[in-house]
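Protein chains in written order, with the numbering used here: chain A, 1 to 275; chain B, 1 to 275.
Note that these hints are calculated values from the structure, not bench results. Just so it is clear, the structure is predicted and the values come from calculations on it, not from any experiment. Errors might be hidden in some of the hints.
It does not matter which identical chain is meant; a pair holds if it fits inside one copy or across any two.
Distance condition first, Cα-Cα at most 20 Å in a straight line; then the derived SDA-like pairs of lysine to any residue [claimed, not checked]:
| # | residue 1 | residue 2 |
| --- | --- | --- |
| 1 | Lys114 | Leu73 |
| 2 | Lys265 | Gln176 |
| 3 | Lys77 | Ala41 |
| 4 | Lys114 | Val69 |
| 5 | Lys77 | Asp37 |
| 6 | Lys132 | Tyr81 |
Single-letter residue listing:
Protein chains: 2
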Amino acid sequence: MTRKEIIDHIRESRSFLCVGLDTDLKKIPEHLLSEEDPMFAFNKAIVDATAPYCVAYKPNIAFYESLGVDGWLALQKTVDYIRQNHPRHFIIADAKRGDIGNTSKMYATTFFEKMDFDSVTVAPYMGSDSVKPFLDHSGRWVILLALTSNPGSHDFQFMEDADGTPLWRRVIETSQHWADEEQMMYVVGATQGRMFEQIRRAAPRSFLLVPGVGAQGGSLEEVCRYGFNDDCGLLVNSSRGIIYASNGSDFAEAAAAAAKELAGKMADILDEHNF
Amino acid sequence: MTRKEIIDHIRESRSFLCVGLDTDLKKIPEHLLSEEDPMFAFNKAIVDATAPYCVAYKPNIAFYESLGVDGWLALQKTVDYIRQNHPRHFIIADAKRGDIGNTSKMYATTFFEKMDFDSVTVAPYMGSDSVKPFLDHSGRWVILLALTSNPGSHDFQFMEDADGTPLWRRVIETSQHWADEEQMMYVVGATQGRMFEQIRRAAPRSFLLVPGVGAQGGSLEEVCRYGFNDDCGLLVNSSRGIIYASNGSDFAEAAAAAAKELAGKMADILDEHNF
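Please take these sequences and the hints and turn them into a complete structure.
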């Protein structure tokens, strides 16, 4: 999917919401557990209910891997279902992979060829040759971890060199030599608040994938005040707040309502920016 | 598995070799492709042939994931097979995972409970809460990336703070507050040569998992000159040099011979150190 297609979809749907499919059998409505594939049954209902209000879906691979073969099958079916029924939606494998070159190449094959994801989140610690194999797939994206939403982000990501450049900025600056904003995005946690001002200076045109709104406490308004750029430039993710809005038989309607509410706020923000 | 059990196994078997099971259907002997599960058939033969010469096995998860469900099944069978038939061997999931707390918890469940690995390699970029859920499983290990073997290791891992402390050392020093040498090891690439001297100063008692001997060009002698400690403290991995020593019908014998040769050098090194 191209950058222009993502931007057009945001403009037309009046939303830059990404729905995180962190599907956990312990949290989905009990009545689904008797389905042949409960994970997929849940995802299918959530996707159909929320598609009008979002532009992207992000399954976190950990949740699927934890069920082994069953999870893997549910993941594959989910990606295929989104691709066939909601072809304009951008699909993110939240996998946080990254290994030596020949191994990253295997991961890229898995997520882009075997499974048809549009993008994969990648951890930067191992540097260029751990990221570049993902970039060899044209039309597919790397979403590199820059400044994450969790408390542990303070352990290493803010470490500064002698010139005062923090690691997260070094990651953004260095990685812009590997790919431009047509193929690389960055993960920046919503909990980082005003840091978005500095992020935007380092990556003015790049899309940012922003987890941490909702359950993790980040503020949509603050993210947009500092992170919005001429192309919107944001995919704001919500997982638990949407997909677990209810665990009764109305779970899909409740998810739609939660997504619609967030999308409504996003539409106002897009209007304010005359986007 | 305890640290003492690993050390005793090294002492008795006269080897600190780890065999990397980077099993790739494009590289295994053709005659295995007609087996019901070619990956497992290959791994089983390799494991039985090399077990006398090594103390650990390290499947790289990327190779299994790239085959989807089939790969996942082959991985599960491989771990079960090693556990049942070679119970003293330490089993490493080379997965390089790491995510926010509740997600890392899912990965830990997958590798430690669902699949019965002894250890998982973890990427440190996201900090403490991305690592700690793995440490909640007693008797299981985290092997944290410190200084990797690939060219991209120079992009960020050597970044120094104002006091001249590089990121890799910050990772080692900080993580020692999360767990001691009974539950945490570090990945240090064999290609880092003399850096082992500095690594040992930062982590004198920890085991180091050392990839990069063989195909990647690292030297066993150099690694041991600087990295060997009172408990040996090294698990040196070789993947391609052993498992693809031949792609004919003699592949298992050739793998055994390659493992035996490397283990012979290790036995000499253990003797030199009166271990």
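Outcome of the hint check:
1. With identical chains, the CA atoms of lysine 114 and leucine 73 are at most 20 Å apart both within one copy (12 Å) and between copies (16 Å).
2. Taking the shortest Cα distances, lysine 265 and glutamine 176 never come within 20 Å of each other, neither inside one copy (31 Å) nor across copies (44 Å).
3. In this assembly of identical chains, the alpha carbons of lysine 77 and alanine 41 lie at most 20 Å apart only when taken from the same copy (10 Å versus 28 Å across copies).
4. Taking the closest pair of Cα atoms, lysine 114 and valine 69 come within 20 Å of each other both inside a single copy (15 Å) and across two copies (11 Å).
5. Taking CA atoms no more than 20 Å apart as the test, lysine 77 paired with aspartate 37 passes inside one copy only; the shortest distance there is 10 Å, against 23 Å between copies.
6. In the homo-oligomer, the alpha carbons of lysine 132 and tyrosine 81 never lie at most 20 Å apart, since the shortest distance is 29 Å inside one protomer and 35 Å across protomers.
When each numbered hint is compared with the structure, violations occur for hints 2, 6.
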